[in-house]
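Chains as they are written, first to last, in numbering that gives the first Met the number 0: chain Z, 0 to 347; chain H, 0 to 394.
Read the hints as simulated data drawn from the structure, not as lab findings. Backbone N, C-alpha and C define an ideal beta-carbon position, used for all residues, glycine too. Warning: the hint list may mix true and false statements.
As the list claims (entries may be wrong) - Here are the simulated lysine to any residue pairs, SDA-like style, with alpha carbons at most 25 Å apart:
{"id": "1", "chain 1": "Z", "residue 1": "K241", "chain 2": "H", "residue 2": "K67"}
{"id": "2", "chain 1": "Z", "residue 1": "K241", "chain 2": "H", "residue 2": "H175"}
{"id": "3", "chain 1": "Z", "residue 1": "K87", "chain 2": "H", "residue 2": "A43"}
{"id": "4", "chain 1": "Z", "residue 1": "K30", "chain 2": "H", "residue 2": "S127"}
{"id": "5", "chain 1": "Z", "residue 1": "K222", "chain 2": "H", "residue 2": "E93"}
{"id": "6", "chain 1": "H", "residue 1": "K145", "chain 2": "H", "residue 2": "S127"}
{"id": "7", "chain 1": "H", "residue 1": "K271", "chain 2": "Z", "residue 2": "K241"}
{"id": "8", "chain 1": "H", "residue 1": "K174", "chain 2": "Z", "residue 2": "K30"}
{"id": "9", "chain 1": "Z", "residue 1": "K30", "chain 2": "H", "residue 2": "Q122"}
{"id": "10", "chain 1": "H", "residue 1": "K174", "chain 2": "Z", "residue 2": "E96"}
{"id": "11", "chain 1": "Z", "residue 1": "K87", "chain 2": "H", "residue 2": "A256"}
Said to hold, decoys possible - On the chain Z side, residues computed to face chain H include the following (Cβ under 8 Å):
{"id": "12", "residue": "K124"}
{"id": "13", "residue": "Y126"}
{"id": "14", "residue": "N139"}
{"id": "15", "residue": "N170"}
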Amino acid sequence: MFYIHQTSCISPQQTFSNIDIEKVNEFTDNKMYVSEPAYDGIPAGILRRMGKAVRIGVGAALPLIKNAQKIDGIVIGTANGGLEDCIKFLNQIIQYEEGTLTPTNFVQSTANAIASQISLLSANKGYNVTHVHRGLAFENALIDVDMLLKEKPQNAYLLGGVDEISVYNYNIQFLSGQYKKELISNKDLYQTNSEGSIAGEGAAMFLAGGQKEGAIAKLDGIKILHAKDEKFIQQELKSFLKEYLKEGEEIDLFLSGENGDARLNAFYSSCESLLKEKTKVARYKHMTGEHQSASAISLWIACNILQTHRLPSHMVKIENEKKEFNKILLYNTYGNMQHSFMLLSNTK
Amino acid sequence: MTKVFVTGMGVISPLGDSVSLNRNALKEGRSAISTLDLFTTRYASLLRFGEIKIENQKLRDKLKVNEKGITRTTLLALHAFEEAIKDSGLNFSEISSFDTALIGANTVGGMCLTDELYHDANQEIKGSEYVASYDSASINMYLQEKFGIKGIINTINTACSSSANAIIYGARLIKHGYAKRAIVGGVDSLAKFTINGFNSLHILSAENCRPFDKDRNGLNLGEGAAFLILEGEAEAGNKKIYAELTGYNNSNDAYHASSLSETADGPYLAMKGALDEAGLKPTDIGFINAHGTGTENNDAVESTAMVKLFGNPPAFASTKSNIGHTLGASGAIEAIYSMLNLEHQEIYPGLNFHNSIPGTDLIPVQTFREMPLKHVMSNSFGFGGNCSSLIFSKA
Numbered sequence: 000m001f002y003i004h005q006t007s008c009i010s011p012q013q014t015f016s017n018i019d020i021e022k023v024n025e026f027t028d029n030k031m032y033v034s035e036p037a038y039d040g041i042p043a044g045i046l047r048r049m050g051k052a053v054r055i056g057v058g059a060a061l062p063l064i065k066n067a068q069k070i071d072g073i074v075i076g077t078a079n080g081g082l083e084d085c086i087k088f089l090n091q092i093i094q095y096e097e098g099t100l101t102p103t104n105f106v107q108s109t110a111n112a113i114a115s116q117i118s119l120l121s122a123n124k125g126y127n128v129t130h131v132h133r134g135l136a137f138e139n140a141l142i143d144v145d146m147l148l149k150e151k152p153q154n155a156y157l158l159g160g161v162d163e164i165s166v167y168n169y170n171i172q173f174l175s176g177q178y179k180k181e182l183i184s185n186k187d188l189y190q191t192n193s194e195g196s197i198a199g200e201g202a203a204m205f206l207a208g209g210q211k212e213g214a215i216a217k218l219d220g221i222k223i224l225h226a227k228d229e230k231f232i233q234q235e236l237k238s239f240l241k242e243y244l245k246e247g248e249e250i251d252l253f254l255s256g257e258n259g260d261a262r263l264n265a266f267y268s269s270c271e272s273l274l275k276e277k278t279k280v281a282r283y284k285h286m287t288g289e290h291q292s293a294s295a296i297s298l299w300i301a302c303n304i305l306q307t308h309r310l311p312s313h314m315v316k317i318e319n320e321k322k323e324f325n326k327i328l329l330y331n332t333y334g335n336m337q338h339s340f341m342l343l344s345n346t347k
Numbered sequence: 000m001t002k003v004f005v006t007g008m009g010v011i012s013p014l015g016d017s018v019s020l021n022r023n024a025l026k027e028g029r030s031a032i033s034t035l036d037l038f039t040t041r042y043a044s045l046l047r048f049g050e051i052k053i054e055n056q057k058l059r060d061k062l063k064v065n066e067k068g069i070t071r072t073t074l075l076a077l078h079a080f081e082e083a084i085k086d087s088g089l090n091f092s093e094i095s096s097f098d099t100a101l102i103g104a105n106t107v108g109g110m111c112l113t114d115e116l117y118h119d120a121n122q123e124i125k126g127s128e129y130v131a132s133y134d135s136a137s138i139n140m141y142l143q144e145k146f147g148i149k150g151i152i153n154t155i156n157t158a159c160s161s162s163a164n165a166i167i168y169g170a171r172l173i174k175h176g177y178a179k180r181a182i183v184g185g186v187d188s189l190a191k192f193t194i195n196g197f198n199s200l201h202i203l204s205a206e207n208c209r210p211f212d213k214d215r216n217g218l219n220l221g222e223g224a225a226f227l228i229l230e231g232e233a234e235a236g237n238k239k240i241y242a243e244l245t246g247y248n249n250s251n252d253a254y255h256a257s258s259l260s261e262t263a264d265g266p267y268l269a270m271k272g273a274l275d276e277a278g279l280k281p282t283d284i285g286f287i288n289a290h291g292t293g294t295e296n297n298d299a300v301e302s303t304a305m306v307k308l309f310g311n312p313p314a315f316a317s318t319k320s321n322i323g324h325t326l327g328a329s330g331a332i333e334a335i336y337s338m339l340n341l342e343h344q345e346i347y348p349g350l351n352f353h354n355s356i357p358g359t360d361l362i363p364v365q366t367f368r369e370m371p372l373k374h375v376m377s378n379s380f381g382f383g384g385n386c387s388s389l390i391f392s393k394a
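The shape of chain Z in the complex, shown without the other chains (with noise of 0.2 Å):
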């Protein structure tokens, strides 16, 4: 697969600057939504038109678009891009009777809107593309990425996962079930035994090489897999293991996608089972939300303990003796539907 050699995230804890993720930020009304920072490098004029996602987006990607010596092209993921801005020129249809409409809102809507404006900011003619598959859009994009440093070892991409929360995605989603009805803590996600999750946002983004030297932790493996069957998922995460890991090679670190929703807990607990006492097991939907993109958030998790090999305590939910983190297993579920596994290692 391929290097990691920067990172940075925009997420309802202290993910972006000052970094610190042994506290978490409290939510009580099942939304968490990110802290946002005053977002320097982007102009004024342009920051007021832009939509959350958008703004997220590309203020994630700045500071890796300033330290890199180039990029050569712009992969995302996002289920819905700008939606807030979609369903508010939605509204303008229905309200106004399809009347006369400004186009700012529906520029700013399509999902393309946040990799081509990190193109436009950073005069990127190179390769771009959003990848939009709901629960696995990040994985798609970082599927991409990977045959793109394939056909070009030397190249340097950024990859991101980006969405947001609205009021409107928040009505739909809640009404297909996918959040919980009585409001919790998000410190308290893990001990709730209902149906249904909490509402998060983010994003993260990653700059993307063929190349060992500097990077910060090697992507080894990804899967992704259409089920409904944690039985299946379960068969599928052994021969996942059986290809990427080595002889000898253990997995120091579960990261599980565990979100509190009663129905998905077979899916978790059946990947679980099959890990061996060396591997300590840690949950971050307490810290992210849930939301198309959460696996972007998780990697950018991972990389942060790889590098500082410190597992916050609030994260950890199986615990053992070991104290270095040299290869991370990642396993979400978006859904019942949507699963992926990526395993990461320490290139130190």
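Fit chain H to the known structure of chain Z by using the hints.
For chain H alone, coordinates are given in the frame of chain Z:
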């Protein structure tokens, strides 16, 4: 790396609900642009569109779809998907294999149901049957579940170049061993969202669009779906092969959110990159299926890019004058038209052209003719500067 061949195709457009009906209409130089009969909007009789004159219930009956929550967009996609797999002769176990990828594109997903979405998005009481059908992924997730596809499933949205990028992604999955075959394509149906969106930008025409004409005054929105079956050399074997996908490129214009640069950087880079990927010279291209939307901006910029790259460009035309701009479907529909160019060694006339654009002075093909063709280029340029070009070659 393996070559990638097209071994099957299916299309539903305003010109007809099969590949052969589309070819007949293209040969005759027929336009399917009209006012709206089925879709309800304030602009139904004020503007002109490429509407498929088949009601949803008729599509449902024909496709034997009884489930709730299925949008027109999904029905159109299923129609094209079924024709494509039938055409390729893929059996159930091949379709449902781990080696089969499904890459579909669209720009507004199930948002053709603008009024239902408005209702669902603005209250928390009781959802409609469509609550899980609005996003772009819902269409491909429906196809994936219906046919039990187990390989990589993806949805791409790069605005008007979406399905060209779905074709590129599917081909690369095959080349890199992520899949042995890929079912690739795109769909969009008419939606108040896009009609009002494009109208707010003042680029919809009340007349039949006039690609590359000096007095062009905007595009006609259309609807449609198309899927192609891509297979590697081993899988294609001695099946009927329509063409080889030899060249492709995706580049960004990096100029403006909703218009292309006068210098035509994105379109030029996409066409040039596709030639380089295919290892071809500009003179090797026999015909260009231009993006040619009929807007002031696109046609001027695309002309500039063609002149810049080709000097004296080869024969070209835009089928937007036949079916309108089908957005997320256009790249795949026009890829199929390119396949028909190659298979039958013929080119179809662009309609409604009278005078060339001063400066570039390019004249599109205006009459049907037979012509020896080895390589055909297909262009798709979108909002956000997303430009992609494909080259199909006679296998």
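Cross-check of the supplied hints:
With a C-alpha separation of about 41 Å, the suggested pair K241 of chain Z and K67 of chain H falls outside the 25 Å cut-off, and the hint is violated. About 20 Å separates the Cα atoms of K241 of chain Z and H175 of chain H, which keeps this hinted pair within 25 Å; it holds. Straight-line distance between C-alpha atoms of K87 of chain Z and A43 of chain H comes to about 23 Å, which keeps the hinted pair within the 25 Å bound. Between K30 of chain Z and S127 of chain H the CA atoms are separated by roughly 23 Å; this keeps the pair inside 25 Å, and the hint holds.
Distance restraint check for K222 of chain Z and E93 of chain H: the Cα-Cα separation of roughly 20 Å lies within the 25 Å cut-off, and the hinted pair is therefore satisfied. Pair hint K145 of chain H plus S127 of chain H holds up; C-alpha atoms about 22 Å apart against a cutoff of 25 Å. Between K271 of chain H and K241 of chain Z, the direct Cα distance comes to roughly 42 Å. Violation of the 25 Å bound is thereby established for this hinted pair. With a C-alpha separation of about 42 Å, the suggested pair K174 of chain H and K30 of chain Z falls outside the 25 Å cut-off, and the hint is violated.
Distance hint between K30 of chain Z and Q122 of chain H is fulfilled; the C-alpha atoms sit about 17 Å from each other, no more than 25 Å. A hinted pair counts as satisfied when its Cα atoms are at most 25 Å apart, and K174 of chain H with E96 of chain Z does not qualify at roughly 49 Å. In summary, the hint linking K87 of chain Z to A256 of chain H is supported, as the alpha carbons are separated by about 18 Å, within the 25 Å threshold. Checking K124 of chain Z against chain H by beta carbon gives a least distance of about 5 Å; that is within 8 Å, so the hint holds.
At its closest, the beta carbon of Y126 of chain Z sits 5 Å from a beta carbon of chain H; the interface hint therefore holds under the 8 Å criterion. Using the Cβ-Cβ criterion of 8 Å, the hint placing N139 of chain Z at the interface with chain H is satisfied: the shortest such distance is roughly 4 Å. With a least beta-carbon distance of about 5 Å to chain H, the hint placing N170 of chain Z at the interface is held under the 8 Å criterion.
Of the numbered hints stated above, those contradicted by the structure are hints 1, 7, 8, 10, listed in ascending order.
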